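**Student:** Letter by letter, the chains look like this.
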Amino acid sequence: MHDASAVQSGVTSSERLGRRAAPYILILPSIILAFWIIGYPIWDVANMSLHAVNRFGQLKGFAGFDNFSHLVTEPIFAGCLFRTLIWTVSVVGGTVILSMPIALILNENFGGRRIARIIIMLPWAVSLTMSGIVWRWALDGQSGMVNATLFNLGIIHRPIAWLATAGTAFPVEIAIGILVSIPFTVTVYLGGLASFPVEIFEAAKIDGASPWQEWRYLTLPLLRPFINIALVLNTIYVFNSFPLIWVMTQGDPANSTDIFVTWLYKLAFRYGKLDVAAALSLVMFLILLSFTIAYSTLAMRDEEESSKSTGAPGSAGAGAQTGAIST
Amino acid sequence: MRKGLRILLGVGILASAIVSAEAKPQLRVVVAYYSAATQGIFEGMVKDFTAAHPDADIKVEVVNWDNLQQRLTTDIAGGTAPDIALIGTRWLVDFVKNDIAEPLDSYITPDFKARFIESFLTPSTINGKLYGLPVAASARAMYFNRELLTKAGIKDPPENWDGLVADAKKIKAVGNDVYGFALQGKEIETDAYWYYSLWTHGGELIDNGKSGIASKGGVEALTLYRSLIDQGLTEPDPTGYNRQDVERLFKQGRIGMILTGPWLRGQIKTDAPNLNYGIAPIPAGSAKATYGVTDTLMVFKSSQQKKLAWQFLTEAAFSPKWRIEFTTKEGFLPVTKVEAEQPQFTNDPQLKAFTDMLPYAHFAPPIPNWEQMADATIRALQKVYTGEAKPEAALKEAASSIDSILQQQ
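As they're listed, the protein sequences go chains A and B. If you read the first sequence in my numbering, its first letter stands for residue 1, the second for the next number, and so on. If you read the second sequence in my numbering, its first letter stands for residue 1, the second for the next number, and so on.
Treat the hints loosely; a few may be bogus.
[Stated by the list, open to error] Quick list of simulated restraints, FRET-style, between CB atoms:
no., chain 1, residue 1, chain 2, residue 2, range
1, A, V72, B, A52, 28 to 38 Å
2, B, K352, A, T129, 56 to 66 Å
3, A, M121, B, Q252, 46 to 56 Å
4, A, N152, B, A173, 20 to 30 Å
5, A, F35, B, N67, 58 to 68 Å
6, A, V126, B, E388, 44 to 54 Å
[What the hints assert, rightly or not] According to the in silico footprint, chain B covers these stretches of chain A (three or more CB under 8 Å from chain B):
no., region
7, 55 to 69
8, 159 to 170
9, 243 to 254
10, 266 to 274
Read the hints as simulated data drawn from the structure, not as lab findings. All figures in this text were calculated on a predicted structure; none of them were measured in a lab. Glycine included, each C-beta is placed from N, C-alpha and C at the ideal position.
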């Protein structure tokens with residue numbers, strides 16, 4: 001369209017260049033600002049990770065990759081990496097799967113739907129730190145609400161100190177992580193569900209599709225872009241999520257609930273090893289970056305293919321996707 | 001014309017405000033939050049001081065202990081350090097190593113120095129120089145629930161660890177929901193709770209420049225704690241309990257004996273006024289010991305007002321009036337001789353239990369990166385408390401990682 005209009009008006013090549021460059025020149029200030037705001041901290045952290053840095057953030061000389069080799073030889077590095085992966089995969093996976101039925105139910109028309117939606121969204125309004133504190137109390141080994149309930153139901157016969165051992169503490173934290181991630185994910189799904197064209201569902205009904213077939217062959221493919229967004233954003237949030245674990249166990253007992261971000265805090269602010277901490281944050285940043293890029297490319301390729309093959313659903317999905325982001 | 005006058009007047013006021021703000025020497029004091037009384041005490045000092053020095057402008061800021069170290073680190077890194085700060089004395093080593101604390105030897109007079117109980121000046125003295133003045137001191141002792149002990153048929157609290165084990169067994173027999181001995185298993189000072197046992201078994205934290213926790217005394221000390229858990233003489237799953245948690249159990253009357261500091265007296269007064277308890281020395285093993293901890297007021301090297309800062313310390317913060325006020329209200333041990341002579345200290349048998357232990361007090365060793373070593377120790381303790389590792393293996397692992405931290409200095 002651009003070219004067509006250019007040819008029609010018969011402009012010179014320099015004018016055409018100017019017109020093409022204009023939008024870039026116009027957004028240049030924003031780009032510079034964005035690079036400064038995003039780029040400077042990354043540059044600063046990268047710089048710190050290559051230097052010896054004292055407790056007070058003063059650079060003390062070039063150290064090459066010493067900080068990185070120091071980091072990976074720490075005895076708890078491998079354990080933290082493993083737990084970070086378990087934590088991220090379980091919380092994100094659990095959230096994305098559990099949010100699906102909740103979103104489908106909330107999308108149905110029933111009395112009190114509005115109230116049900118508000119109740120599901122409520123945990124979102126409570127800060128993670130607050131939720132962490134409440135759960136820490138609820139899971140208390142002596143007087144916790146969870147123990148009292150299970151005891152009264154006759155499920156347990158003596159109180160369990162949930163947060164005292166790795167075997168219970170980490171799974172419990174994952175469960176709570178899922179619980180607090182559900183509101184956001186349900187919101188994303190609901191945005192998607194609301195944008196679907198009604199006609200194709202009616203057509204499917206007339207053709208005699210079962211509810212399962214309707215979900216499997218219409219809802220799920222249409223919802224795919226929204227699931228992708230939920231996956232990527234949740235992975236970024238959960239991978240970097242500090243407050244829940246910190247408030248509930250601080251990585252205890254014996255580092256068995258430490259993930260990268262809690263260990264990072266200890267390295268930086270408890271031990272004063274800002275250089276090793278900088279190396280760790282860089283490693284974390286690169287892990288997330290490569291995941292996001294890899295996943296986005298995969299998801300985009302899939303989407304292109306599906307829109308090529310089916311046409312309408314893909315474009316409807318893509319349109320709705322921008323709608324969901326802007327809300 | 002009128003408008004012009006008004007503008008002139010406004011500019012004049014502004015200018016005079018700026019001038020007066022510049023002329024008034026400013027002092028920023030950051031102190032740790034001990035209790036609801038802390039702010040009032042320090043503001044009282046400022047009020048007294050500015051009455052004598054009307055030209056001084058002193059700002060006091062009270063910061064939570066949990067955030068204090070991070071806050072000061074960020075301030076120092078950003079070049080906006082305060083003039084005076086109240087810190088945990090063991091942080092002083094890192095400050096001195098990085099040339100951040102001002103040595104006070106050239107300011108202090110022999111008369112003023114003589115006001116202090118000498119042993120409390122030792123932790124703030126590094127490489128022979130005094131870098132801070134002790135402002136709060138505490139030692140640890142054993143609180144016991146008199147009612148529980150009587151119910152179990154015990155007349156006097158145990159004097160040594162063998163006695164403690166025997167008494168804890170008797171208390172266990174009293175009922176289902178009571179425990180003989182409290183064992184703290186997580187978060188801040190979990191290591192300290194075990195040092196009592198380490199020191200009384202003849203162990204040392206640092207021995208000849210190396211970690212001493214895996215010594216014979218250390219292994220005995222941890223084996224003892226593990227055996228207490230095995231026999232059900234502590235609360236179940238100690239790694240679920242931080243300091244506040246075990247103290248709460250004691251206040252609820254469900255713990256026979258607990259090792260902790262003087263602050264618990266104040267808490268019992270408000271939270272459990274009917275609790276019948278007593279205070280005794282920490283049980284002895286092959287030696288007697290307690291953990292001595294001081295907090296310190298220090299002056300920053302970057303301060304532009306060092307003389308004024310020193311005046312504030314000598315005339316207000318360490319005046320007899322405010323010393324007595326601080327120690328009484330916050331429930332610490334006296335650090336100056338004037339305080340120690342006050343009737344409220346000499347006539348208080350409970351406080352006497354703490355002060356009697358002072359000759360046996362061990363302080364945290366003045367080495368940098370202390371927090372990292374404490375964490376390595378806590379990791380070993382938790383592995384043993386949860387049954388994941390045996391005492392000797394866990395302590396050896398921790399000792400070797402502490403040794404490598406020590407070598408990095």
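**Student:** Please go over all the hints and tell whether each is borne out by the structure.
**Tutor:** Against the structure, the hints come out as follows:
no.: 1; hint: V72/A to A52/B: 28 to 38 Å; in the structure: violated (59 Å)
no.: 2; hint: K352/B to T129/A: 56 to 66 Å; in the structure: violated (42 Å)
no.: 3; hint: M121/A to Q252/B: 46 to 56 Å; in the structure: violated (38 Å)
no.: 4; hint: N152/A to A173/B: 20 to 30 Å; in the structure: holds (28 Å)
no.: 5; hint: F35/A to N67/B: 58 to 68 Å; in the structure: violated (32 Å)
no.: 6; hint: V126/A to E388/B: 44 to 54 Å; in the structure: violated (34 Å)
no.: 7; hint: 55 to 69; in the structure: holds (count 4)
no.: 8; hint: 159 to 170; in the structure: holds (count 7)
no.: 9; hint: 243 to 254; in the structure: holds (count 5)
no.: 10; hint: 266 to 274; in the structure: holds (count 6)
In summary, the structure is inconsistent with hints 1, 2, 3, 5 and 6 from the numbered list given earlier, while agreeing with the others.
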